[in-house]
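Under my numbering, the residue at position 160 of the sequence shown is numbered 191, and the numbers go up by one with no gaps.
Hints were generated in silico from the structure; no laboratory data involved. Any given hint might turn out to be false.
[Said to hold, decoys possible] Computed Cβ-Cβ distance ranges for the label pairs, DEER-style: (1) Leu277 <-> Arg216: 43 to 49 Å; (2) Val230 <-> Gly128: 46 to 52 Å; (3) Ala256 <-> Gly170: 19 to 25 Å; (4) Gly128 <-> Leu273: 29 to 35 Å; (5) Ala256 <-> Leu85: 22 to 28 Å.
[To be verified] Derived lysine to aspartate or glutamate pairs resembling EDC-like cross-links, with alpha carbons at most 16 Å apart: (6) Lys141 <-> Glu74; (7) Lys141 <-> Asp194; (8) Lys141 <-> Asp206.
Cβ coordinates follow ideal geometry from the N, Cα and C atoms, glycine included.
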Amino acid sequence: MGVSLSRLWWLGVGLLGGLGAGALGYVSWRWVHPGRWPSPSAELRGEEFYFSSLDGLRLRGLWLPGREGWPVVLLCHGYFRSLVEPYDLGLHLNDLGYNVLLFDFRGCGKSEGSWTTLGAQETLDVLAAVRAARERAPGAAIGVLGISMGGAAAIMAAARCPDIGAVVADSAYPDLERLLERRVRQWTPWPLLLGAARVSLRLGELLAGFRAREVRPVDWVGRIAPRPVLFICGDCDSFVPLEQCLELYERAGKPKELWVVPNCHHALARLDCPDEYCQRVGGFFRRYLGP
Numbered sequence: 032m033g034v035s036l037s038r039l040w041w042l043g044v045g046l047l048g049g050l051g052a053g054a055l056g057y058v059s060w061r062w063v064h065p066g067r068w069p070s071p072s073a074e075l076r077g078e079e080f081y082f083s084s085l086d087g088l089r090l091r092g093l094w095l096p097g098r099e100g101w102p103v104v105l106l107c108h109g110y111f112r113s114l115v116e117p118y119d120l121g122l123h124l125n126d127l128g129y130n131v132l133l134f135d136f137r138g139c140g141k142s143e144g145s146w147t148t149l150g151a152q153e154t155l156d157v158l159a160a161v162r163a164a165r166e167r168a169p170g171a172a173i174g175v176l177g178i179s180m181g182g183a184a185a186i187m188a189a190a191r192c193p194d195i196g197a198v199v200a201d202s203a204y205p206d207l208e209r210l211l212e213r214r215v216r217q218w219t220p221w222p223l224l225l226g227a228a229r230v231s232l233r234l235g236e237l238l239a240g241f242r243a244r245e246v247r248p249v250d251w252v253g254r255i256a257p258r259p260v261l262f263i264c265g266d267c268d269s270f271v272p273l274e275q276c277l278e279l280y281e282r283a284g285k286p287k288e289l290w291v292v293p294n295c296h297h298a299l300a301r302l303d304c305p306d307e308y309c310q311r312v313g314g315f316f317r318r319y320l321g322p
């Protein structure tokens, strides 16, 4: 009887261990492979086309041609999203006269790729989108607006690419590793689970081929000046707290602008106050890009 109980005990331990390992593996895979945001049933306005990222992935773009001689605005979506996320904003900017290029980051929407790297390799996609914009509107000024992950990638791309003349960073995070650590602590209050969650983050990095500690827009934002940056933050953002947005703002050179949206959660300013959002963003690009 004792032997049987012992075997049952070890069987239970093994079963729990297997379930734990499976759960850990799934979480590791899931956070760098968030799935595809569904495409809308209605047809999108504009010309769908494909271009190559700097490391050879095929990315989907959507081109909304504006008035002749007007600037181009690139719109960069957030994590677990697609070009549909900023599409309505793109329509507004296009109606004002701007050329607009929306695109799906790698592993999102209709673009190639299996992984998301939360800004590490998405920066290459922004740089490729700048190149695609150059081909479609030679000589036009270029601005970039990014939301959350897209904002982080936009900052790091603009620091490397002088062709980007102005940046709007909406709910961008300054330091990915710090952001993930904060989220892990929010999700897992127990020490044992906290350690397992940290392991899952490291495994996810290995799967996707990047290091979260290297995604630090705060180290890049100061290199954008003298080109302007507009920072948009919600004062109720629990994902990227206001103090992190202010950290980016403080590290940026001049000219720079800051809009803190009252009672607004993460990346929702354009939905909570769409008219003011479009007015501020359109005015910012008009001041610094023209026409």
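Hint by hint, here is what the structure shows:
A hinted range of 43 to 49 Å is violated for the C-beta pair Leu277 and Arg216, which are about 21 Å apart. About 51 Å separates the C-beta atoms of Val230 and Gly128, a value consistent with the hinted range of 46 to 52 Å. Range check, Ala256 to Gly170: Cβ separation about 23 Å, and the 19 to 25 Å hint holds. At about 33 Å, the CB distance of Gly128 to Leu273 agrees with the hint of 29 to 35 Å.
About 24 Å separates the C-beta atoms of Ala256 and Leu85, a value consistent with the hinted range of 22 to 28 Å. Distance check on the hinted pair: Lys141 and Glu74 sit about 14 Å apart at the alpha-carbon level, within 16 Å; holds. At roughly 26 Å between alpha-carbon atoms, Lys141 and Asp194 are farther apart than 16 Å, so this suggested pair is violated. Restraint check for Lys141 and Asp206: not satisfied, since their Cα atoms lie roughly 28 Å apart, outside the 16 Å limit.
Figure legend: structure checked against the earlier numbered hints; hints not met, in rising order: 1, 7, 8.
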